[in-house]
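Build out the structure end to end from the sequences listed, making use of the hints.
Protein chains in written order, with my numbering: chain A, 1 to 138; chain B, 1 to 202; chain C, 1 to 234; chain D, 1 to 565.
Source of the hints: derived by calculation from the structure; they are not laboratory data. Among these hints, one or two may not hold up.
If you want the ones that stay clear, here's a sample from chain D, every Cβ over 12 Å from chain A, calculated [as the list claims (entries may be wrong)]:
| # | residue |
| --- | --- |
| 1 | Leu162 |
| 2 | Val178 |
| 3 | Met182 |
Think about it this way: if two alpha-carbon atoms lie no more than 27 Å apart in a straight line, the pair counts; the simulated DSS-like pairs of lysine-lysine are [unchecked claim]:
| # | chain 1 | residue 1 | chain 2 | residue 2 |
| --- | --- | --- | --- | --- |
| 4 | D | Lys357 | D | Lys433 |
| 5 | D | Lys430 | C | Lys47 |
| 6 | C | Lys43 | D | Lys510 |
| 7 | D | Lys54 | C | Lys50 |
| 8 | B | Lys85 | A | Lys99 |
| 9 | A | Lys99 | B | Lys127 |
| 10 | C | Lys47 | D | Lys54 |
Note that the structure is a prediction, hence the values are computed from the model and not measured. No residue lacks a Cβ here, since even glycine has one placed at the ideal position from N, Cα and C.
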Amino acid sequence: MATTILSPGIQVGLEDSHGPGNFEPIHHSPDHDNVVFADPATNYHGHPHYGRILITLLALLAVSLTVGYVFSPALAIVLIFATAAWKVAIVMRNFMHVKYEPLFIFIAIAAVLLIIYAFFFGVYPDITAVPRDVTFPR
Amino acid sequence: METQQNHLTIPIIKIPQGRLGMWVLIAGELVIFGGLICFYLLNRIRYPHWGDMAAHTNTFIGALNTVVLLVSSYTVVRAHQAALKMDVAKVRLWLSCTLLGGILFLVDKSIEYAHEISEGFTFTSPKLVAAGDHVGSLFWSYYYIMTGLHGAHVLAGMTVMLIILIQTRKGKNMHRVELAGMYWHMVDLIWIFLFPLLYIAK
Amino acid sequence: MTIFPENVSTYGQEIDNLFWLILVFAAIAFFISLFVLLYPLIKYSSKNGKRAEYITGEKRKHYKWITYALVALLLSDFVILYVEHDTWGNIESVPAISKNDVHVGIIARQWNWIFVYPGPDGVLGTRDDVVIDSMNSSLHVPINANVIFELRSTDVIHSFFLANARLKQDALPGRTVMRWFNITKPGKYDISCTQICGILHSKMRNYVLAETPEQYKHFTDSLYNANKVVTSSK
Amino acid sequence: MENLHQNKSFWSKYVFSTDHKTIGTQYMIMGMIMAGVGGYLAYVFRYNLAFPGKSIPFYGMLGPQAYNAFVTIHGMIMVFWVGMPVLLSALGNYLIPIMIGSDDMAFPTVNMLSFWIFAVSALVLIASFFVPGGAFGGGWTMYPPFSAQGYVNHNPNFFTALFSGTSLLILAVALELVAMLMGGINFLVTTINKRAKGMTPWRIPVIIWFINIAAVIFMFSVGPLVAGAFMLLFDNVLGTGFYDPHRGGDPMLWEHLFWFFGHPEVYVLLLPSLGVLAEIVPVFSRKPLFAYKTVIYLALLSAFLSVLVWAHHQFVAGIDPRMATFFSIGTILISIPFAGIFLSYMATLWGGSIRMKLPMLWAIGFIGLFLVGGLTGLFLGSNTFDIYAHDTYFVVAHFHYTLFPDIFFGFFAAFYYWFPKFTGKELNAKLGKWHFWLTFIFFNGVFFLLFFNGLAGQHRRINDYSSFSLISREPYQTFEQIATVCAIGLMLSQFIFLYNFITSFRKGKKAVKNPWESTTLEWQSDSPPPHGNFNPYPEVHRGAYDYSLPEAKEDFTPQNVPNVN
Chain A
1 MATTILSPGI QVGLEDSHGP GNFEPIHHSP DHDNVVFADP ATNYHGHPHY GRILITLLAL
61 LAVSLTVGYV FSPALAIVLI FATAAWKVAI VMRNFMHVKY EPLFIFIAIA AVLLIIYAFF
121 FGVYPDITAV PRDVTFPR
Chain B
1 METQQNHLTI PIIKIPQGRL GMWVLIAGEL VIFGGLICFY LLNRIRYPHW GDMAAHTNTF
61 IGALNTVVLL VSSYTVVRAH QAALKMDVAK VRLWLSCTLL GGILFLVDKS IEYAHEISEG
121 FTFTSPKLVA AGDHVGSLFW SYYYIMTGLH GAHVLAGMTV MLIILIQTRK GKNMHRVELA
181 GMYWHMVDLI WIFLFPLLYI AK
Chain C
1 MTIFPENVST YGQEIDNLFW LILVFAAIAF FISLFVLLYP LIKYSSKNGK RAEYITGEKR
61 KHYKWITYAL VALLLSDFVI LYVEHDTWGN IESVPAISKN DVHVGIIARQ WNWIFVYPGP
121 DGVLGTRDDV VIDSMNSSLH VPINANVIFE LRSTDVIHSF FLANARLKQD ALPGRTVMRW
181 FNITKPGKYD ISCTQICGIL HSKMRNYVLA ETPEQYKHFT DSLYNANKVV TSSK
Chain D
1 MENLHQNKSF WSKYVFSTDH KTIGTQYMIM GMIMAGVGGY LAYVFRYNLA FPGKSIPFYG
61 MLGPQAYNAF VTIHGMIMVF WVGMPVLLSA LGNYLIPIMI GSDDMAFPTV NMLSFWIFAV
121 SALVLIASFF VPGGAFGGGW TMYPPFSAQG YVNHNPNFFT ALFSGTSLLI LAVALELVAM
181 LMGGINFLVT TINKRAKGMT PWRIPVIIWF INIAAVIFMF SVGPLVAGAF MLLFDNVLGT
241 GFYDPHRGGD PMLWEHLFWF FGHPEVYVLL LPSLGVLAEI VPVFSRKPLF AYKTVIYLAL
301 LSAFLSVLVW AHHQFVAGID PRMATFFSIG TILISIPFAG IFLSYMATLW GGSIRMKLPM
361 LWAIGFIGLF LVGGLTGLFL GSNTFDIYAH DTYFVVAHFH YTLFPDIFFG FFAAFYYWFP
421 KFTGKELNAK LGKWHFWLTF IFFNGVFFLL FFNGLAGQHR RINDYSSFSL ISREPYQTFE
481 QIATVCAIGL MLSQFIFLYN FITSFRKGKK AVKNPWESTT LEWQSDSPPP HGNFNPYPEV
541 HRGAYDYSLP EAKEDFTPQN VPNVN
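Following this line, the structure appears as structure tokens:
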């Protein structure tokens, strides 16, 4: 059973798949196309302050709960969703380690959001522009 | 055979197989929830009346659930940190904490559902329909389908976590802690958006 | 045999012309492509015994032909878009209702078209409206007048198709769509439903009966007299 | 590791197998069986159209409800249970690992699970014919409120609502989508992670690129439909009002989310068979693929544009007229990348040394027929002409001219090309030629005249045209009869293929390792490939299309050859 090093200290067997292609340390091949992205396995050093990040998240939650009482509704909604987006960014960046992942993961997630936005944009005039009163004479 | 496997194949984008698969899965799940959130938003813009309905949701329980999910996200990332150091005892401790968070979330949610159902706001809300408030009943349909689908994901995440908790007993499959953690973070992310949509914006 | 059914509406000819225009572009593209596809099969057959050339298509002198073709396609696409744009606006935007126009309601139901005439006051949605709800009935309209109709559905999605006037519009339950047509020739024309709507979908056929203004006046007068509203309050 | 797979029972070797080749074959067989079912449905309703009111051989009398159900399920089967499994799953499963020089997929167990979920979904679909009320008959688009009436019709019985044709169809589609999602995850991870040494992105064969792009399009567009299908199911069985306008919902929402998936789905079906062409055309013209990188960039561009065009199916549905113009522009823009891809294939022919073998015949037939389909798309992409042509036989003929070559010609091209690799046997070329010419001629016979029926105003999904004076007259009824005769001929000529398949499989001539003299990796393995595909694993030294290199003696240089001389 071949074992390979995934990231410092983790032994990965090949249970997930038989055969080649599982992860293993980089061989820098002479072919330059082979080293497109940085290697995340070596980027796991350092000790991120997860506790501090949690406190930030909870503080943002408190902000989103209180803005409704402070500002006008329109501004409050913008602020609430801004803090939500900020929270999502923090969780993805630090907890899900997007900052250590290759760029294309970020691009894929951004593409998802873009596609959802395209859907919203295309449907918006048809669903929202209908007269607000939908009681329909039968 | 083994020597061949080891030196003939190298991944070109260097990311472990399980994690890559999990990312693709997360992208797929995000589109499903993104679509649902889109439908909700479109209808929310169409019917200002939904604001009155959203006032019946319990912001306190919603906020409590957000805190629970954020903290459990923290604990699962600590579990991953411990897994990197191969610290089996700590991994199991943090995973158990996360499982506890999941249970807390579901208990919270059940209390909230019970409260809403006792007020007559169910999946189809026959009470509202009888009163002629079809639009309000539609809000509750969306509310239950969104939180229900999210709850199903919480349950799925907890199941995976439980399996991994058992597997790590002998220090096996430590890399799966990270994968379960990623899935759990995704559940957290979706809740971060559902919470303001359903509870705060009234 | 003509390709299209007889055109009787004011804007029908524009749609027919658009078809011929696109057909010209499509036919040119088709025959050129067919030549490009089939000629090399003969000219460069392996039976000639010649070795193939090594062309990767990365060089400008090779790929320029494809670029030209794509630009030509894009240009013809935009020509089509430009030509059709006015017609689209013409059909989709409803003219303001003037005195000569006829304003009727058309309601789709499984499996029949219901016609609502505006009544003596000429306004839809008032108490003197007359509703004709029977299978195989006809919508009477005068020729050379804008007929503006409000299209609704009561149950499932239907689609109002008047082939002779080149008009099609879906009727979605829950929303009212306004469209118009102007028929220039007297006659009886099929209305069909083109959105599958249940068992009797294929029997969901009514008629538009285009008449001279005098005949139409006669028809509405007798219709309104027969359905007189006793208390003429709104 | 290896001997794990050697001595296995029949069940784990052929049924619950995790080997990518077995799973690919399972998908292919399942797709062929479903194509038989879909073809039978087509035969029944085509016969009814040509001879309305007559008893149909091998069926009996066809009522309007059954007609609607047959039309609906025919469309469903051909797109979701034939096109998807055969083009995406079968080709993807079989070809991705072997063409990138790997032993298997990244997650073999998930792969097996994907097939079995797919098999269950097919069973659920077939079962929907045999529940009270029969299968759903509202068009494959399943527009509510017609598809959301289960709760009203079966009220208050939850179980009859759940086991009605409508609910079972929605369930079957949802299961099928889940199966394909699992397959898609597998394809992407395999292609990114499990390539052989030296298989850089720009050395991957085009078909692998295209299958992966198709998987990405599928994954990113299917999300709203998955959520929406659950909502439709709840409308049916629990009585919610997500799509009921009387309850505050909106059927337009379903139209949008269905086509937001439904149109990219067309490209999901198209891209794998375009990939098949990209393999076949260079091999048989002994020339590199023309502008390889550009072809891939064009496919990526079309993937991006594919999510911006969906509303051209709704031009007359009452959408905002300004949005219609936007989507019309998107539609004509997306013709550009696909035209570019086809032109690059045609340009590959020029200057080659063309061998007109069977796979090439199918490939040329594909391009020729798709040309008609694509150019008639110009008429329908123009929103103004679509007012007239929408939901007529013009549309029917148009999308059969695109999807039939795409699914069947693409599949047959792939089949005749890779059969020696799949089985190690040679096919009977003479029978194959008969099969091609009969299919080609009969297909045109079925659908070409229907363009004229459509232009005469004949609309779709009508079981009896006698009510409509405009189109029940001559020559349109004769056209219908010609189409039906040709359709029967088309189906009968597939038996030639079946006969050829079975006899060649059982006692065909043994094929050599690389009969077509191709460069890609799968031909460097044995035929049929052993478990694990390669021994030793190949190392890739060059692009996938090195034909007729000037410095090489042979006119093809396989990817794993380090030096030309």
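query: Among all the numbered hints in the text so far, which are the ones the structure does not match?
result: 6, 7, 9 and 10
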